[in-house]
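Here the structure of chain A is known, so what remains is to put chain B in place on it, guided by the hints.
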Amino acid sequence: MVFFMKIGVIAIQGAVSEHVDALRRALKERGADAEVVAIKHKGVVPECGGIVIPGGESTTLCRLLAREGIAEEIKDAAARGVPILGTCAGLIVIAKEGDEQVEKTSQELLGIMDTKVNRNAFGRQRDSFEAELEVEILGSPFTGVFIRAPGIVNCGPGVRVLSRLDDLIIAAEQGNVLALAFHPELTDDLRIHQYFLDKVFNC
Amino acid sequence: MDFEKLRHGTELIKRGFARMQKGGVIMDVTTPEQARIAEEAGAVAVMALQAVPADIRKAGGVARMADPEIVQQIIDTVTIPVMAKARIGHFVEAEILEALGVDMVDESEVLTPADPYFHIDKTQFTVPFVCGARNLGEALRRINEGAAMIRTKGEAGTGDVSQAVKHMKQIQGEIRALAGKTKEELIMVSRDIEAPIELVVETSKMQRLPVVNFAAGGVATPADAALMMRLGADGVFVGSGIFKAENPEKMARAVVEAVNNFDNPAKLAEISKGVGAGMKGISASMIPVEEALQERGW
Chain A
1 MVFFMKIGVI
11 AIQGAVSEHV
21 DALRRALKER
31 GADAEVVAIK
41 HKGVVPECGG
51 IVIPGGESTT
61 LCRLLAREGI
71 AEEIKDAAAR
81 GVPILGTCAG
91 LIVIAKEGDE
101 QVEKTSQELL
111 GIMDTKVNRN
121 AFGRQRDSFE
131 AELEVEILGS
141 PFTGVFIRAP
151 GIVNCGPGVR
161 VLSRLDDLII
171 AAEQGNVLAL
181 AFHPELTDDL
191 RIHQYFLDKV
201 FNC
Chain B
1 MDFEKLRHGT
11 ELIKRGFARM
21 QKGGVIMDVT
31 TPEQARIAEE
41 AGAVAVMALQ
51 AVPADIRKAG
61 GVARMADPEI
71 VQQIIDTVTI
81 PVMAKARIGH
91 FVEAEILEAL
101 GVDMVDESEV
111 LTPADPYFHI
121 DKTQFTVPFV
131 CGARNLGEAL
141 RRINEGAAMI
151 RTKGEAGTGD
161 VSQAVKHMKQ
171 IQGEIRALAG
181 KTKEELIMVS
191 RDIEAPIELV
201 VETSKMQRLP
211 VVNFAAGGVA
221 TPADAALMMR
231 LGADGVFVGS
241 GIFKAENPEK
251 MARAVVEAVN
261 NFDNPAKLAE
271 ISKGVGAGMK
281 GISASMIPVE
291 EALQERGW
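Line by line, the protein sequences are chains A and B. Residue numbering for the first sequence follows the working numbering, beginning at 1 and increasing consecutively. Residue numbering for the second sequence follows the working numbering, beginning at 1 and increasing consecutively.
In isolation and in its complexed conformation, chain B is listed as follows:
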């Protein structure tokens, strides 16, 4: 094979990877054993973490990239893609994860940001990135920095889906509002939301984000996952919702089946029976603004 002629890490390759995840469920895992359970249940990928967001929230302190040893063990355990989180702006953590062979890096507000002003320049990497967003401006700024996939921020670790719903509806609503606007009106939107005009025009034309858009941050039950799909998510991240549930195996399988049957209430009723209690959680409205993870990132 003439390796000179192979083009690695192109935008098509990075965004293409995200497209292969569509219609799937990506689960947070902290051990190889959990990764195996997620794969067995039908997850399309796993997110390797030191602790799930609910525990990060409880523990407080500075949350950083997971121990590379654990990430490596998870990579060696499953056949599906392995993602891992780097701190916002911490390009060296991202480089370490890339060197480990991680398939996608999540530049995540769940970890403590490493840079108060700048996100990682993701165009410099071969590995694709996913980033959180609450609104269209944030989403397009991340895409402009090279993100190949967007997810709603929601409010991670709460088990309260309301913030994911809010962010998904916000983004969809802003995209709908672009329809029919003239070029000069789009330029004004671009200024208002602080996003590049090219991406605003592209989004207006496509009437969707130019990259895959998943739901994340508070999805805790099969019904939550189906709700996000009904709202137009391309797929779902489930963080604490699986392994903080009473029966992780059953919950994992049920969430996967719910995403595949999101538009069939009778089937969803069957799927939701006997899965055991979901994670206890905390109402997002009880979290003071200064402790809200969604406020991180700019």
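Chain A on its own, in the form it takes in the complex:
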């Protein structure tokens, strides 16, 4: 029996095609064979060996993930050890706890990472920026694209901090779950997607 890997990008809203393209390029680069699928509805997440929750608007994403019944499926997958990558809004969606901005819109966070997040830690769009980052898992700087970016303000003992900017955590991992405050899918640098795929193919 041929085992065929499926990797899902949650396609409710946001930078979906960018992640799909980045994953396909990263797979090609490493000579691996897997199908990358955009997930809009219930029923696909359980078949996937890796899940990406892209950037977009977290308030919107959380609402629709719950409405479509995908939220529970992602929680189950995370519990089974399936690698999960959350970027920007995705970092908020997978967190355990939000700030008052998140609380006031009564979003249901997935709580699969032991983190407390600040929704727009880096301000509004006029404050958005690019910067060269030191990320622990990478040997050389990575261009971080921060768009109305969130940050992790606090995390539990099981969380490994991978990068900080000022006093905010902007990249972290907890076992199979990886969270980034920035957008690797908006650059041509595939190293973070490769790191995620390492997790996918080793589990």
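Because the hints were derived from the structure by calculation, they are not lab data. Be a bit skeptical, because a hint or two may be false.
[Claimed, not checked] Covered by chain B, according to a simulated footprint, are these stretches of chain A (three or more residues, beta-carbon under 8 Å): (1) 13-25; (2) 47-57; (3) 60-71; (4) 77-83; (5) 127-136; (6) 188-201.
[To be verified] Cut-off 30 Å, straight-line C-alpha distance, at most; resulting in silico cross-link-like pairs (DSS-like, lysine-lysine): (7) Lys181/B - Lys40/A; (8) Lys40/A - Lys28/A; (9) Lys199/A - Lys42/A; (10) Lys6/A - Lys267/B; (11) Lys273/B - Lys42/A; (12) Lys166/B - Lys181/B; (13) Lys116/A - Lys40/A; (14) Lys104/A - Lys40/A; (15) Lys5/B - Lys116/A; (16) Lys183/B - Lys104/A; (17) Lys267/B - Lys40/A; (18) Lys183/B - Lys42/A; (19) Lys250/B - Lys42/A; (20) Lys166/B - Lys205/B; (21) Lys40/A - Lys183/B; (22) Lys96/A - Lys6/A; (23) Lys28/A - Lys250/B; (24) Lys267/B - Lys75/A; (25) Lys205/B - Lys183/B; (26) Lys199/A - Lys75/A; (27) Lys205/B - Lys40/A; (28) Lys169/B - Lys40/A; (29) Lys116/A - Lys104/A; (30) Lys28/A - Lys96/A; (31) Lys42/A - Lys75/A; (32) Lys250/B - Lys205/B; (33) Lys273/B - Lys40/A; (34) Lys183/B - Lys273/B; (35) Lys6/A - Lys199/A; (36) Lys169/B - Lys205/B.
We put the beta carbon where it would ideally sit given N, CA and C, even for glycine.
Showing chain B alone in chain A's frame:
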């Protein structure tokens, strides 16, 4: 943090913001309460306005940027991005909106143009801009001026989707026609549509606009929104369609769900049930050319 090393307002940052809106619905709102309803329904952003286009059309006179007080209140109310409209060419209105903290400026034909010849030089701003277009030439001229996002003009405030359909098909058709053309043929297209050759070549290669392209101008029902997505829109602006509907809460939620299920007719049928009457509207063909908002801009 070494703030010297942070690069703000780059093309990547501006276009990236627009990309985060993809697959979403952006709703016109005139009060903080409406903004809250839009956010609750799942809008990805709100457009803060003094009056929705249907009322602007009815009121006549000169339509200008919204009262900064209202824009500020809306910014303070919601967690999602807040956009606002500036008049075509009115770079000071745009600067004021940027200073308020607006996340994107719509240089919009819905307001009365402030400059009969020139659009705003959008490259001079940190805040990204969205602009309307009816055809590929207009779209690429706006991108060349620095627009990070394009939307069809449609005919705002009518509740008649026909003009948005026309403009979306026009742009898509012109892009398809670029495929397979030689460099010299593309140069000829560039002259004909009055758009820079670099952008014509890039569009030909990508077979889509180099920035996100939303539908706008007459979207009034969940089915309208799904139609625009089927035609290849990256997302949808709904102006008067939400708060001129019989039941704005239901309509807002239904439009969001329709965009997420645009390719599933059975689901769309469910979504469209019991949302109440859409805005009354007016057929775009009844509007004399001199009163058509889409004629504004060059």
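We went through each hint and held it up to the structure:
no.: 1; hint: 13-25; verdict: holds (count 6)
no.: 2; hint: 47-57; verdict: holds (count 3)
no.: 3; hint: 60-71; verdict: holds (count 5)
no.: 4; hint: 77-83; verdict: violated (count 0)
no.: 5; hint: 127-136; verdict: holds (count 6)
no.: 6; hint: 188-201; verdict: violated (count 0)
no.: 7; hint: Lys181/B - Lys40/A; verdict: violated (36 Å)
no.: 8; hint: Lys40/A - Lys28/A; verdict: holds (24 Å)
no.: 9; hint: Lys199/A - Lys42/A; verdict: holds (24 Å)
no.: 10; hint: Lys6/A - Lys267/B; verdict: holds (26 Å)
no.: 11; hint: Lys273/B - Lys42/A; verdict: holds (22 Å)
no.: 12; hint: Lys166/B - Lys181/B; verdict: holds (24 Å)
no.: 13; hint: Lys116/A - Lys40/A; verdict: holds (27 Å)
no.: 14; hint: Lys104/A - Lys40/A; verdict: holds (26 Å)
no.: 15; hint: Lys5/B - Lys116/A; verdict: holds (27 Å)
no.: 16; hint: Lys183/B - Lys104/A; verdict: violated (54 Å)
no.: 17; hint: Lys267/B - Lys40/A; verdict: holds (13 Å)
no.: 18; hint: Lys183/B - Lys42/A; verdict: violated (46 Å)
no.: 19; hint: Lys250/B - Lys42/A; verdict: holds (23 Å)
no.: 20; hint: Lys166/B - Lys205/B; verdict: holds (23 Å)
no.: 21; hint: Lys40/A - Lys183/B; verdict: violated (39 Å)
no.: 22; hint: Lys96/A - Lys6/A; verdict: holds (27 Å)
no.: 23; hint: Lys28/A - Lys250/B; verdict: violated (45 Å)
no.: 24; hint: Lys267/B - Lys75/A; verdict: holds (25 Å)
no.: 25; hint: Lys205/B - Lys183/B; verdict: holds (11 Å)
no.: 26; hint: Lys199/A - Lys75/A; verdict: holds (18 Å)
no.: 27; hint: Lys205/B - Lys40/A; verdict: holds (28 Å)
no.: 28; hint: Lys169/B - Lys40/A; verdict: holds (25 Å)
no.: 29; hint: Lys116/A - Lys104/A; verdict: holds (15 Å)
no.: 30; hint: Lys28/A - Lys96/A; verdict: violated (34 Å)
no.: 31; hint: Lys42/A - Lys75/A; verdict: holds (13 Å)
no.: 32; hint: Lys250/B - Lys205/B; verdict: violated (41 Å)
no.: 33; hint: Lys273/B - Lys40/A; verdict: holds (21 Å)
no.: 34; hint: Lys183/B - Lys273/B; verdict: violated (51 Å)
no.: 35; hint: Lys6/A - Lys199/A; verdict: holds (14 Å)
no.: 36; hint: Lys169/B - Lys205/B; verdict: holds (19 Å)
Taken one by one, the earlier hints fail for this structure at numbers 4, 6, 7, 16, 18, 21, 23, 30, 32, 34, listed in ascending order.
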